[in-house]
Amino acid sequence: MIYWEILSYAAWIVSGLLLLWILVDAISVSREFDEELLISSREGVDEILDEIKKEGGIK
Numbered sequence: 169m170i171y172w173e174i175l176s177y178a179a180w181i182v183s184g185l186l187l188l189w190i191l192v193d194a195i196s197v198s199r200e201f202d203e204e205l206l207i208s209s210r211e212g213v214d215e216i217l218d219e220i221k222k223e224g225g226i227k
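Each residue of the sequence shown is one higher than the one before, counting from 169 in this note's numbering.
Rather than coming from a laboratory, the hints here were simulated on the basis of the structure. Each hint should be verified, as a subset may be incorrect.
As the list claims (entries may be wrong) - Below, simulated SDA-like cross-link-like pairs (lysine to any residue); rule was C-alpha separation at most 25 Å, straight line:
#1 Lys221 to Phe201
#2 Lys221 to Asp193
#3 Lys221 to Asp202
Please read all numbers here as calculations on a predicted model, not as lab measurements.
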């Protein structure tokens, strides 16, 4: 029975560490990137459109 209790505590510790990692990563990403970029439908779409507009492709 003690084996399962140790395994249970280990699983809770791993779960807590994963939660902490997710929170730290979420804060890091929100500081590094603008909200507009994070909610865009495609990755990098804002930069691509800005470059095309600068070149005169889209008016």
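Here is how each hint holds up against the structure:
Pair hint Lys221 plus Phe201 holds up; C-alpha atoms about 21 Å apart against a cutoff of 25 Å. In summary, the hint linking Lys221 to Asp193 is not supported, as the alpha carbons are separated by about 33 Å, beyond the 25 Å threshold. Proximity of Lys221 to Asp202 is assessed by CA-CA distance (about 20 Å); at most 25 Å being required, the pair is judged to hold.
Going down the numbered hints, you'll see the structure goes against just number 2.
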